[in-house]
Amino acid sequence: MTPTFRFAPSPNGPLHLGHALSALLNADMARAAGGRLLLRIEDIDRERCRPEFERAIADDLAFLGFIPSEPPRRQSEHFGTYRAALDRLAAMGLVYPAFLSRAEIRALTADPAWPRDPDGAPLYPVGERTLSTAEREARMARGDPYALRLDMAAAVAAAGPLTFEESGAGPEGESGRLTADPERWGDVVLARRDTPTSYHLSVVVDDALQGVTDVVRGVDLFHATGVHRLLQALLGLAAPRYHHHRLIRDAAGRKLSKSDGDTGLAELRAAGASAGDIRRLVGLQPTPST
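Mapped onto full-length UniProt numbering, the consecutive letters of the sequence shown carry residue numbers 1 to 290.
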């Protein structure tokens with residue numbers, strides 16, 4: 001199989017140096033492997049993702065010399081594909097509607113001892129797993145807001161033990177053949193009433209459909225690999241190799257963020273930075289063209 005790498009930004013804000021590192025690492029590794037380089041636009045959030053941000057992403061990547069092997073895949077154009085995967089999981093009895101509001105979740109998980117996921121969010125209370133089919137259907141029929149969640153306990157039991165290959169490093173320097181631990185996330189959201197997918201579901205479906213062999217992304221997504229390996233196993237999808245890279249942080253040690261308005265690539269370009277300057281700023285060696 002041809003080595004295939006992908007950079008998958010969300011067009012909900014301008015790219016910053018952290019994105020540049022990920023994009024350039026994918027491009028460098030694809031070039032070294034003689035493989036394919038893909039661009040995926042992860043725009044399932046139709047409220048926050050905007051066309052002007054996608055255009056800005058294209059401009060920034062062209063400036064960096066990131067040249068995809070084919071036109072980008074936009075997730076918003078493939079909701080039917082993700083819905084089909086969700087329906088397969090539902091047919092296995094692994095999906096249930098979850099009706100708790102944010103306020104109800106906060107109230108139920110206020111105890112500091114309540115278990116939390118790797119991102120620090122409280123695990124979802126699982127009482128709704130036991131609702132009868134009739135009660136679930138009645139609540140959905142009357143328009144109660146809900147999300148569709150994975151029954152993690154049942155899913156883990158169905159999939160069995162899972163591992164993944166890590167060629168980068170996890171938060172504690174982990175590498176090699178590692179054990180996947182999706183249970184740390186509890187009953188993750190797979191879709192919402194108005195959006196028939198989630199990040200976790202769409203990313204594993206897309207990686208399989210696009211033949212991605214190597215997932216190169218920031219170490220902040222290291223623990224999400226457990227959920228991804230679980231969904232791959234349940235859906236019968238091939239598992240890529242994973243390479244989690246360091247993050248670019250500000251002077252206070254905080255990772256860069258679009259939502260915090262950290263300096264974008266467009267601003268650096270406007271200030272006169274070259275593509276070679278960007279490579280040096282993110283700690284990469286120059287290429288012959290820069």
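A couple of the hints might just be wrong.
Cβ-Cβ distance ranges computed for the label pairs, FRET-style [unchecked claim]:
no.: 1; residue 1: 32; residue 2: 209; range: 33 to 39 Å
no.: 2; residue 1: 154; residue 2: 58; range: 16 to 22 Å
no.: 3; residue 1: 143; residue 2: 184; range: 31 to 37 Å
no.: 4; residue 1: 1; residue 2: 285; range: 44 to 50 Å
no.: 5; residue 1: 81; residue 2: 285; range: 35 to 41 Å
no.: 6; residue 1: 122; residue 2: 2; range: 41 to 47 Å
no.: 7; residue 1: 287; residue 2: 114; range: 34 to 40 Å
Because the hints were derived from the structure by calculation, they are not lab data.
As the structure is a computational prediction, the values presented were derived from the model and not from experiment.
For each residue, glycine too, the CB sits at the ideal point set by N, CA and C.
Each hint tested on the structure:
1. 32 <-> 209: 33 to 39 Å: violated, 24 Å
2. 154 <-> 58: 16 to 22 Å: The hinted range 16 to 22 Å is violated for residue 154 and residue 58, with Cβ atoms some 42 Å apart.
3. 143 <-> 184: 31 to 37 Å: holds, 33 Å
4. 1 <-> 285: 44 to 50 Å: violated, 28 Å
5. 81 <-> 285: 35 to 41 Å: The hint (35 to 41 Å, Cβ to Cβ) holds, given that residue 81 and residue 285 are roughly 39 Å apart.
6. 122 <-> 2: 41 to 47 Å: Roughly 42 Å apart at Cβ, these two residues keep to the hinted range, so it holds.
7. 287 <-> 114: 34 to 40 Å: violated, 48 Å
The earlier numbered hints that this structure contradicts are 1, 2, 4, 7.
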